[in-house]
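Protein chains in written order, with the working numbering: chain G, 1 to 301; chain C, 1 to 369.
Just so you know, not all the hints are guaranteed correct.
[Said to hold, decoys possible] For lysine-lysine, the following BS3-like pairs were computed, each having C-alpha atoms within a straight-line distance of at most 27 Å:
no.	chain 1	residue 1	chain 2	residue 2
1	G	K143	C	K355
2	C	K201	C	K165
3	C	K50	C	K172
4	G	K55	C	K355
5	C	K50	C	K69
6	C	K218	C	K270
7	C	K322	C	K172
8	C	K163	G	K67
9	C	K344	G	K67
10	C	K165	G	K71
11	C	K224	G	K71
12	G	K67	C	K355
Hints listed in this document are in silico derivations from the structure and should not be mistaken for laboratory results. The structure presented is a predicted model; accordingly, all values stated were derived computationally and were not measured.
Each chain, letter by letter, is given below.
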Amino acid sequence: MEQSWKQAKAVFAGALGPPLFWLVLFFLVPLAIVWAYSFGHNNGLVDIAITGTFKNYARAIEPLYLKIFVKSAWVAAITTGLCLVIGFPVALAITFASEKAKTWLLLLIMLPFWTNLLIRTYALIAVLRTEGYVNMGLEWIWKGGGLVGALLGLQPIGDYRPLELLHNNFAVVLGLVYVHLPFMVLPLYSALDRLDKSLLEASLDLGAGHIRTLFKVVVPLALPGIASGVLITFIPALGAYLTPDLLGGPDSQMIANVIERQFKRANDWPFGAALSFLLMYLTFIAIAVQAVLSRKAPEAK
Amino acid sequence: MSTITQRGLQRAGLNRRSMLTATGAAAIGLTFTACGPKSAPAQPGVEEAKLNFYNWDTYIGDTTLADFKAATGVEVNMSLFATNDELFAKLKAGNPGFDVVVPSNEFVTRMGQAGMLEVLDHAKIPNIKNIDPAFMNPDYDPGRKFSMPYTWLVLGIGYRKSKVKGVPDSWKYLFDSDQYKGKIALLSESADLIRLSAKYKGHSVNNIPPELVAEIEKMLIKQKPFIKAFHDDNGQDMLASGDVDLVLEYNGDIAQVMKEDPDLDFVVPKEGSLINSDTLCIPKGAPRPDNAHKFINYLLDGAAGAEISKTILYPTPNAAAKALMPDAYRNNPVIFPPLEIMAKCEYGAFEGAEKASLYEEVITRVRAA
């Protein structure tokens with residue numbers, strides 16, 4: 001039977017000690033300092049006085065910054081929704097693939113993580129820019145079509161006008177979906193893989209079509225997986241910083257960009273800290289919602 | 001409540017580096033290697049033959065560091081920063097071991113006021129005689145107490161000649177006109193944007209009154225739909241790749257891409273512009289101040305300065321180095337814009353932390369509008 005941890009205190013302490021030490025020193029302590037900063041103000045150029053003021057939070061919930069929070073949440077929600085719509089069929093396909101293919105498919109999903117995010121984002125710039133690969137490809141097709149048309153004696157179709165794919169909100173969402181798709185596919189896959197396949201057979205045998213089986217049987221059973229996929233896609237997308245900075249246009253700023261500027265250009269760490277913690281509270285709310293959802297899911301059975 | 005100061009934190013063994021990691025700001029993708037522990041000299045007066053140099057990227061001659069080692073035996077360990085704010089933030093909580101840093105003009109004032117810079121000993125820098133006298137007594141550092149000029153640079157409009165009618169010699173084309181809509185990229189530096197807009201409105205870049213700031217905000221909000229992007233000092237790449245036709249950039253950056261694409265050009269608008277100057281300083285608490293003085297003196301040498309200018313193509317304030325450069329550099333109107341235009345350019349002064357925060361909020365509003 002299970003051994004009580006009391007019988008092996010030394011082993012328990014030895015196993016728990018290093019990670020706990022790591023967590024406290026490199027996560028909780030710095031976080032506590034930033035939290036303390038959020039109740040302070042700049043005192044001269046290099047010092048921050050912690051005075052317990054709520055001024056930073058009052059400024060952080062001004063309409064200007066609330067609007068940016070809402071916009072960030074909106075962009076993150078669209079990203080998460082697209083990831084779910086694209087990721088679900090992918091996860092389903094992996095689940096029903098043969099054992100050998102499964103390994104390869106999962107490897108393909110994880111492969112992008114082997115390359116640095118910054119490099120992948122720059123690669124996207126090269127693909128999307130005005131003289132990028134997408135526009136070059138389309139121009140080639142356009143010219144080819146024009147040539148065929150001319151041979152057939154049709155009117156010339158005019159010059160190719162490159163699509164504006166970069167430096168707008170479309171590019172930001174595309175970049176975020178591209179980056180976060182694996183975060184969605186992996187938990188969905190692990191939920192779908194555990195699914196009892198006989199339930200699907202029963203549903204199909206008893207007359208439900210494929211679509212109906214999907215929405216009435218598969219989706220409800222995979223709900224906890226969907227919820228955790230949504231959560232771990234939404235949270236990093238909400239705090240996205242690099243993608244809107246590099247792919248976005250003049251109005252694509254997200255809250256993380258504003259926070260970054262407080263710590264750097266504006267040199268206003270207390271205000272930046274307050275904004276960071278507001279973002280963190282939002283994250284906690286998202287986690288709480290997920291916890292409630294996943295508790296409800298088994299009851300629904 | 002007790003008062004925690006960042007200096008206090010530093011004593012407790014927490015430096016900015018762990019803070020950076022906590023805030024995720026280190027995730028920008030830059031590596032930082034020279035944050036070695038402070039190594040005190042073995043004996044007072046004798047320094048080990050090493051030097052930690054904190055510099056901008058692509059901002060030193062190809063062979064400069066090796067030449068310096070050959071001349072003095074001192075090995076230079078160079079690490080890079082991308083913005084003045086990064087430099088300031090890194091030194092804010094105490095010097096992690098740098099001997100020479102390269103802040104821009106405004107930050108020399110700021111860091112000097114914050115007590116983050118060492119006073120230079122001019123007697124140890126005989127090559128000071130090489131510096132063009134015009135650069136010897138700037139407002140941002142009267143009498144060159146803390147800084148020696150390394151380069152200077154001016155903001156202007158880089159443009160693609162085949163796509164632009166005539167010469168876009170006014171800030172109007174960037175800030176107040178839809179003539180090139182969707183083909184404009186602006187530098188994402190809040191203070192620079194507001195200061196140059198003030199220049200366009202006929203005001204100085206400094207002491208901008210609040211009414212004018214409000215007017216500039218309105219103008220930029222109106223202009224925003226015509227702007228393609230705010231770039232992080234990579235405007236020359238956006239221009240070279242055809243993403244935009246007009247870009248707010250530094251002359252040196254445009255001069256670098258003009259070598260490869262003859263269709264590009266650069267103009268300092270007729271209203272005048274902002275000049276910046278990057279300078280060599282010794283941060284407070286530098287472990288090897290003697291080597292630091294030696295290194296600064298070496299960089300101000302004529303031949304060494306020419307080697308640097310050959311690589312980076314920024315204007316040099318070093319008269320001896322300029323004299324050694326080929327005509328293609330000395331007479332390049334991009335690197336050295338006409339004097340009558342330069343006379344209308346100003347340095348942006350450091351006007352307090354409040355102002356920086358205010359300008360930041362104005363641009364946040366513009367981008368959120």
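The hints, checked one at a time:
1. K143(G) - K355(C): It is violated: about 53 Å lies between the C-alpha atoms, which goes past 27 Å.
2. K201(C) - K165(C): Holds, at about 23 Å.
3. K50(C) - K172(C): violated, 50 Å
4. K55(G) - K355(C): With Cα atoms ~18 Å apart, K55(G) and K355(C) stay inside 27 Å; holds.
5. K50(C) - K69(C): holds, 9 Å
6. K218(C) - K270(C): holds, 23 Å
7. K322(C) - K172(C): Distance of about 33 Å is beyond 27 Å: violated.
8. K163(C) - K67(G): violated, 37 Å
9. K344(C) - K67(G): violated, 40 Å
10. K165(C) - K71(G): Not satisfied, since the Cα-Cα distance of roughly 38 Å exceeds 27 Å.
11. K224(C) - K71(G): Between K224(C) and K71(G) the Cα gap is close to 18 Å, so the pair holds against 27 Å.
12. K67(G) - K355(C): holds, 23 Å
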